[in-house]
Structure formats: structure tokens, C-alpha cells
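Produce the complete structure using the sequences and hints provided.
With our numbering applied, the sequence shown has no gaps in its numbers, which climb one by one up to 129 at the end.
What the hints contain is simulated information worked out from the structure, not anything from laboratory work. Bear in mind that the values here come from a model prediction, so they are computed numbers and not experimental data.
Estimated spans, in silico, between C-beta atoms of each pair:
#1 Ala126 / Gln15: 20 to 26 Å
#2 Gly102 / Gln15: 31 to 37 Å
#3 Gly51 / Gln18: 30 to 36 Å
#4 Gly51 / Glu111: 33 to 39 Å
#5 Ser22 / Asn100: 21 to 27 Å
#6 Asp37 / Gly101: 18 to 24 Å
#7 Pro39 / Arg124: 29 to 35 Å
#8 Ile106 / Asp12: 32 to 38 Å
#9 Pro50 / Asp29: 38 to 44 Å
Glycine included, each C-beta is placed from N, C-alpha and C at the ideal position.
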Amino acid sequence: MKFAALTEPFADYPQLQQRVLSVLQALPDEVQRDFVDDPRFGTAIENYEPGKGWTLFMPTPGPPGETSRRVVLRPKLDSASEAFAKYIIAHEFAHAFLHNGGWGDITDVEEAADALAAHWGFHRPATSS
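Spelled out as C-alpha cells, the structure:
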């Protein structure tokens, strides 16, 4: 599957870009297809600047039920431990796949994203370093 459009926003952070690609490649085909086939889904690098704030461009929502989805990752994931970075990336992709909703019997959106990321093989590490 082609993920260039989803990894391109991280080109200035090569290690992060590779980590995003690695996570995407590990996701189930159904999830990969959901992201690649959705014109309103994308990724972005957080560009916060103290005193200025940040900007984020989102595609406009479509018809009812067709929302925009964007996974925004921080540059510091480029230098974080690999396990922590991949967990965060998978967690954020889980939010996107679940449309920030629950998963199965799990209704809390954070717990649902954690559980789905773990189901995909990306468990929350004991530490973030």
C-alpha cells in the first residue's frame, strides 16, 4: 500500500517519518484502507511557536457522517524512544480510526485508543524515555 501522502508531512524529521511508516505498515489492511481511501484523512506535524500559536489545515467536512480526520504529531517524537513514539503514533491512528469514539465495550475514548493500539501490537511502555 502507498503511504507517501501520509508520511510526507514528517520529511523534516526522518526518524519520525520512518516510525510513522512502520506503524502504518503494521496496521490491519482494513485500517490501512480506511486511511488511504479517505480523502478527508491526513497527517500533519505540530508547528506550535511560542507567542504565535500554531496552524492546522483540515479538509472541510463532507455530507453528514463524513467528517474530516487529521493525525497531528509532535516533532519530539523524532527523538523519543522508539517504543514510546510508536505507541503514541498508533494511539493517535486509533483515535482516527475510531473517529474519536469507543471500541467495543470501551466507551472512554482514551481507553479505547489505548486498547486498540495494544490490539495492533503497540502497548503503552512503562516509561516515555
